[in-house]
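Line order of the protein sequences matches chains A, B, C and D.
According to the UniProt record's numbering, the stretch in the first sequence is residues 1 to 64, in order.
According to the UniProt record's numbering, the stretch in the second sequence is residues 1 to 64, in order.
According to the UniProt record's numbering, the stretch in the third sequence is residues 1 to 226, in order.
According to the UniProt record's numbering, the stretch in the fourth sequence is residues 1 to 226, in order.
No lab work stands behind these hints, which were simulated from the structure alone.
Just so you know, even glycine gets a beta-carbon here, dropped at the ideal spot from N, CA and C.
Check before you lean on any hint, since a few could be wrong.
[Said to hold, decoys possible] Cβ pair distances, simulated, as ranges:
1) E204/D x E58/C: 29 to 35 Å
2) R43/A x A121/D: 20 to 26 Å
3) W152/C x G63/D: 35 to 41 Å
4) E144/D x Y81/C: 34 to 40 Å
5) P159/D x E21/C: 46 to 52 Å
6) A208/C x D29/A: 45 to 51 Å
7) D202/C x P193/D: 55 to 61 Å
8) E58/D x K28/C: 32 to 38 Å
9) E215/D x P159/C: 38 to 44 Å
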Amino acid sequence: MKEDLMDIICCPLDKQELELTVDERDGDDVIDGTLTCTECGERYPIEEGIPNLLPPDMRDDIPA
Amino acid sequence: MKEDLMDIICCPLDKQELELTVDERDGDDVIDGTLTCTECGERYPIEEGIPNLLPPDMRDDIPA
Amino acid sequence: MSAGDAFDEWARQGKDQGMEERHWHTAKHVLSQMPVEEGDTVLDLGSGSGYAGRALRETRGAGRTYGIDAAAEMVHNARSYTDDRHSGFLRGDFEHLPFADDSVDHCFSMEAFYYAEDPHAVLGELLRVLRPGGTFYCAVNRWEENVYSHEWEELVGVPMVLWSEREYRAAFREAGFHVAGQDRIPDEETEIPPETDFPTEDWETREAMVERYREYGTLLTVGVAP
Amino acid sequence: MSAGDAFDEWARQGKDQGMEERHWHTAKHVLSQMPVEEGDTVLDLGSGSGYAGRALRETRGAGRTYGIDAAAEMVHNARSYTDDRHSGFLRGDFEHLPFADDSVDHCFSMEAFYYAEDPHAVLGELLRVLRPGGTFYCAVNRWEENVYSHEWEELVGVPMVLWSEREYRAAFREAGFHVAGQDRIPDEETEIPPETDFPTEDWETREAMVERYREYGTLLTVGVAP
Ligand SMILES: Nc1ncnc2c1ncn2[C@@H]1O[C@H](CSCC[C@H](N)C(=O)O)[C@@H](O)[C@H]1O
Ligand SMILES: Nc1ncnc2c1ncn2[C@@H]1O[C@H](CSCC[C@H](N)C(=O)O)[C@@H](O)[C@H]1O
């Protein structure tokens, strides 16, 4: 995901701000990392450049 | 003009309410009459069933 | 000569019905998209023969439709074409609408908007009379991108607005409308003669005629009152 | 089986590209009507192969486009089809949009809305994320009036919304949208074999196939956030 997505994304549950932790990047493209809700603490993985912002109970695959 | 048009028409100049004087009618269809602005007093003719609500300075024909 | 005088003359010659027939190719598609519900009050700006109001009464259950036109003969003809008094007509100028604020649900206009002397005034008036959520369906086949429409001003003999598609959107927004969409509606029905008939009286090449009718067609801009 | 699982399977089989090809017949007309201006942020709900975002970047100068899709394989494929990182993709559920209030200019959705378990929730979420005046272009070819779409639920194996045109308008309004218009967009490109080839595997009669593609086509409902 391009880092400017941070301007507009939020936690799908409580719509609060997310904090980005980057594990791997390619310029301003975040390849691996984590988005953490600043309010509820829920964590959303970024894998292969794609943030997974499904509500946790819809996340069927094993998070990275 | 059908009389229920009175619900929504107004003076084209100052947008104030109009008062209807009927000279000839056919049921609720007003064939001949006058619409008078309750605010500025401007008069608008109804002829052959058709109200002429052009601003007076655009009215080129001789009013009834 | 004012637009009103020119169109009085047209109406006397019965050209209102010719326009209806030609414009219907496109107008029926435009009308069918309008979000008109049963009982709605709909305005037709520059109503000519008045077909739009009649159609919306018959097919969509509009409660009342009003055609407004500056030309006396147009309005007289329009009234004479229907017995349905819920489809009414009045003479007036669309830059000075004789309707109360928020009194109209939707407005349609076909091949009329570009005759406005002050098109911004028309948009301002419409925004005033439309209720929140009311739409303005503005169809014109004279506009910048349609190069074939540039010469009309000379033909009709009155000055005419010639905006681009972007300028239409900008002017709608400037007046306070939300722009919901913009589209070119092709005329699929005007007959285009075979290659061998060209040049015709009106068209140098078949290609140009196809482009004019099937590609450019009519520009529809849809505004929504906030 | 959830819609996500079904579509993961489809994406693995490369069916996302088949859908893109078929849906493009209609989608290009829908996209061209959207009032997208340079720099706008546009969302594609249930983005599949992601063609809509790519197209709006290339042809309309959209500033950023985001495709959201529940199926991991769809999103992975979509990302792999473009190097343009202003055309991004994310995995998410359109009933729980991960976007801030008023953060999106316009939203497009093709053949996806009817998979919603709670379609009213989708509309509510959209109204929240769209800025005032933002539009939702909702295109579906499964709806009540299109009788040929009724059997799909069985074929796809997941429950699917089946609203009438009127129900679409009512639900949009109930959510708080203004309804700007509604239209059936014909598919003029799907090839229809000559009379003598019927019945085919899928179609009893040529008439039915013509009705399905050329008359019903795809239902487009346009909502505008007040
Ligand atoms: N300022 C104005 N106010 C009201 N009507 C006007 C106008 N300027 C032009 N018109 C009217 O707009 C009409 C344009 S001709 C189009 C008529 C009809 N809508 C159709 O599709 O066939 C004419 O009847 C003309 O008299
Ligand atoms: N609740 C939901 N949230 C997000 N995406 C969903 C969803 N339910 C279904 N989808 C997605 O919607 C898509 C429908 S297929 C249509 C794809 C694309 N718009 C096209 O026109 O080709 C699938 O990719 C599916 O995974």
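Evaluated hints:
1. E204/D x E58/C: 29 to 35 Å: holds (34 Å)
2. R43/A x A121/D: 20 to 26 Å: The hint (20 to 26 Å, Cβ to Cβ) holds, given that R43/A and A121/D are roughly 24 Å apart.
3. W152/C x G63/D: 35 to 41 Å: holds (37 Å)
4. E144/D x Y81/C: 34 to 40 Å: holds (35 Å)
5. P159/D x E21/C: 46 to 52 Å: About 48 Å separates the Cβ atoms of P159/D and E21/C, which means 46 to 52 Å holds.
6. A208/C x D29/A: 45 to 51 Å: holds (48 Å)
7. D202/C x P193/D: 55 to 61 Å: Violated: the Cβ-Cβ distance is about 38 Å, outside 55 to 61 Å.
8. E58/D x K28/C: 32 to 38 Å: holds (33 Å)
9. E215/D x P159/C: 38 to 44 Å: holds (42 Å)
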